[in-house]
Structure formats: structure tokens, C-alpha cells
Amino acid sequence: METGTKKPIDPKQQGRIYELTHSPGQFAESVIEWIIRICGISAIVFVFGIFFFVFREGAAFLFGGLDLVQFLTSTEWYPSSVSNQRYGVLALIVGTISVTILAMVIAVPFGLGAAIFVSEFCGPKLKEVFKVVIELLAAIPSVVWGFIGLQVMNPLIIKYLDAPIGLSVLNGGCILALMSVPIIVSIGEDALKAVPDSYREAAEALGASHWQVVYRVLLPAAKNGLLAAVLLGTGRAIGETMAVLMATGHSVNIPTSLLDSVRTLTATIAAELGEAPVGSDHYQVLFIIGILLFTITFIVNLTADLVIKGISTENDL
Amino acid sequence: MYNITEKIEISGLQVRYGEKQALKGITFSVYEKEIVGIIGPAQSGKTTLLKTLNRTIDFVTNACVSGIVKIDGIDVSKIKNANQLRRKVGMVFPLPVGLPLSIYDNVAFAPRAAGIRRQDQLDELVEKCLKQAALWDEVKDRLGSLGTKLSGGQQQRLTIARALSHQPEILCLDEFSIAIDPVTTMRIEDVLRELRSEMTILLVTNLVQQAHRLADRTAFLCNGDLVEIDDNEIIFSDSPAQKMTYDYVNGNFG
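Chains as they are written, first to last, in my numbering: chain R, 5 to 321; chain E, 506 to 759.
Some hints here could point you the wrong way.
What the hints assert, rightly or not - If we take Cβ atoms under 10 Å as the criterion, some of the chain E residues that face chain R in the derived model are:
#, residue
1, N559
2, F564
3, K593
4, Q624
5, L627
6, V732
Calculated directly from the structure, the hints in this document are not laboratory data.
Since the model is a prediction, treat every value here as computed from it, not as a measurement.
Every residue, glycine too, gets a C-beta built ideally from N, C-alpha and C.
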């Protein structure tokens, strides 16, 4: 460093001199710091960018013309009627929620159970096999899942449950559950793996059985990570489009049983956007549905955050 | 001077971790209700010895144990339900491990695992153990808060309370004072002196003086061999049987 000044350095100036004489190491340091900062900021920029674009496409109709109450409470979805277009998405919301809830009811116990098994109960060789298989499961494209729903689940449901049609909440929920399980398993397993071994040792030395260690120590210790796993699984289920489009029957309907066909918000956008004339009311409504989806996922994430905070403040007493 | 019933009999105990021999065949006995100090430099097999007692060595994947460890005359390797054994042998680790549970649940963990469900029984037991570990007065008003939020010394006393909660007959302490201040160490040493009338205590320690203060007899391990075990008066005298012991105790080892 070039601090070859003969005068003694005034303490007030010291910081300044140091700043002015960057060594190459410091320069590289600040470049890296900026690159990392840009990466971080870009995530925010993308989210706002997407939101802005979606919002812009739908804004004109959202604030002029659309009856928001009717939009949210009516089940009448007739966007391409010649005489009287009606845009009611209640049935679509109920469709999305029912399929998602069913998927989670199936996927959460299976996913967490599998995560606990892989992390705590199976041998190292089996573990490797499991992880590869689970990653493979996560890599299956959603259209293939939809195909399975259409060609495998559909006839099975018709045959064994005596339903007139097998494309239903049940079918879509099962397919979504299968798609969410790998996410829940791999993130849940990471969360369990992150629990320090000293906890296991301490609990085992106290004479707790293997299951007691898992139930009383590991699950409480990993609860935040496990909750994150469940939420990401839920996010995947809400956002999934192609598979549900193919497996749920795609008919606008408030389901009264698991064997009823439904249509989801995402599938509606995918199926109709190509046919709606750009800029038309129909086109804009589809973007408003996009905003609605945004809002739903936002609420899910926010709730989860609050739940996690609630858990930790409870323990802070 | 002590009860002559043999609580623990160890004979020809060898432990290997893969290629590495951690214990090279050691033989000694521990009598009922005495405190045995175990001293020795790092890597001498002290912790391994404790692990064989409650069979937590089973969890070390590449460990290979031979020789016999008997507790109350029963070979521990023949016990089918190792959890029962672990309830008999309390274990305190070098670094305090507060489980991520409330203080109450930390202490009630082992009794619950053993099947005690009645609230009044649990309350009584938790209070008794925390009092024994000299922690009750500091935490009695906040039993519901997280055990991991306590200070290091408090957490170590919490782990002692927890080790006492399953009413063990043998208490093993593995360098319990490594992470806590001298004042707390002294308090815990007082606790141990009181406990000696109720149970057998094995005290692994790096502090030679701690073994001197607390133990009735002291064993000196080095590189997996038992160099010497004898009454404290002899180990800490000017003429123990082995010169090595004298050198280690007096700090001119190696």
C-alpha cells in the first residue's frame, strides 16, 4: 500500500487514506460484492417486473368495466358468449382450492414420512437409491403427469369407483400429490439432516427409542424447514397447469364430491389465452386471474411466515 | 472404605474404529457408589470407554467392540433392549446439549420416553432433578422457555438434571466443565459430591485437579491402555506405581 507519508497520519484522516489506497484484493472484493448485490436485487426486480406486466395487461378492465363482486362470487364463466359475457371465477377458485387441498392431504403425510424414512431410518445404500429415484420423480415433465392422469388414472377410477368419468378432483389431486411429494421429500430431508447430531446422541443416551428421538426431538428441531418443504409443495400444486388441465376434466363446476370434474384458475389461463383476442375483455380477465393467483400464493407465503414467527415468539417467553 | 459390590466390571475391552485401535484391552472394576475419575491425554480412549457403557457406541458405524463389559453382573452386549440400559446409565456430554424443547420438556424427556404420563409425577420429578442439579432456583419461574436459550453453565446443569431424570444408577460425565466457568464448575462439583451417596459416578476429565478433588479412585488412560488405577491417595502421591502417572499428574508429561 502506498501510505508512504512522512507526516504522522492525522487520526481523523486515517479512514480516508485507507479508502483511497485500494489494493487489487480490495478491488476484487468490491466487484464480487457488487455482483452478489446485483444477483440479490435481480430477484426482486423480476418479481416486480412480472407483477407489473401481468397487472398492466389486466388493469384497464379491472378498473373499468369489471364487476369485482360478481367476478369473485359468481360461478358463471361465459367469456365467449356472444350476447352476454359473464366472468365469474368462484368455481375456478373452488376448483383450484379443492384440488390443492386434496393433493396436500395426500402429499404431506407421504412426503414427510418419506423424508423421515430417508433421513433417519434407512441404510446408507438404500438412501442413495431413494434420493436418485426421488430426483427422477421430480424431473418428470408435467405433461407426462397429465398423460398418466388421462390414460392411467382415468380408466382406473371409472372401473373401481364406478364413476361416469374419471377426470375429477380425485384424479387431479392424486397427480398433484405425486408431483409435490418429491419436493417435500428432498427439502424435508435437508431440514432433518441439518439437525445437529448432538441432539440425536443426547436423546438416544437418555434411553429414547428411535421413533421417540424423531418425534420428540428431530421434528420440533426441524419444524421450520419442514414447514418450508410443505409450502413449496403447496406452491407447486397451486401453480401446476398442464397436469391439472388434463386430469381434472376442465369443466366449470363447484364440486360436491371427489368424483366431480372441476376447472382450475391456471388451466383456464392456459386453455383460453391463445383464443382470446389480444386486448379484449376476455384477454384482460385472464390476466386478472393471473393477479388473483399471485394474491393467493402471496397469502399462503405470508401466512406461513406469520406461523413461523408465531412459533418462535412462543418459545421466546 | 467403599461398598465392595462391583457395579461395573470391564475385562479385556478393545474398541477399534476401522484401522484405529481406540482401546487396547483394558480391565478394571468400578464399585458401587464410588466416584472414579478417568484422566489421560487426548485420544486416549476416555470417551470411547464411556460410550461402551451405555452402548451409544452402537451408533458409530465403523466401531468394533470386543471384550466384556458387565453392569450388575450382566454383559451389556447381551442386553436386547439397549434403551433400558441407557436409562440405567446417565450421560453428560462435554458441550451442553439443550434439546430444542422447553426446560420442563428437556427434563421430562426421558421419563416420558420411559412411559411416565401422569402430570403430577412428572412435575415432581422435574422439580427434584432440577434441584439436584442446582438449577431450580434460577429457572423455576420460566420452565416453559426454551432450554437452548439458557447460558452455557445453566445448560450444562440442565443436561445433568436431564441425565438424573431417568434415575440412573450410574452417572457418566464426559469433561463436563469444558465449556463453563470455574464458579459453575465448583457448584456442579458440589452437586456431584451430594450425588455420590445415591449412585456410582464416572468422571472423565481433563483437569487432573478435578479428579483429585472429587474422585475416590482415579484411572489413568494413555493411548488406549489403562496405565494405572488406584486410590487417589496413591495416584496423586509422590510414588504411584507407574512413573508415567506421576509425570502426567504433575504436568511434566511427554
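Hints and how they fare:
| no. | hint | result |
| --- | --- | --- |
| 1 | N559 | holds (6 Å) |
| 2 | F564 | holds (7 Å) |
| 3 | K593 | holds (8 Å) |
| 4 | Q624 | violated (17 Å) |
| 5 | L627 | violated (14 Å) |
| 6 | V732 | violated (27 Å) |
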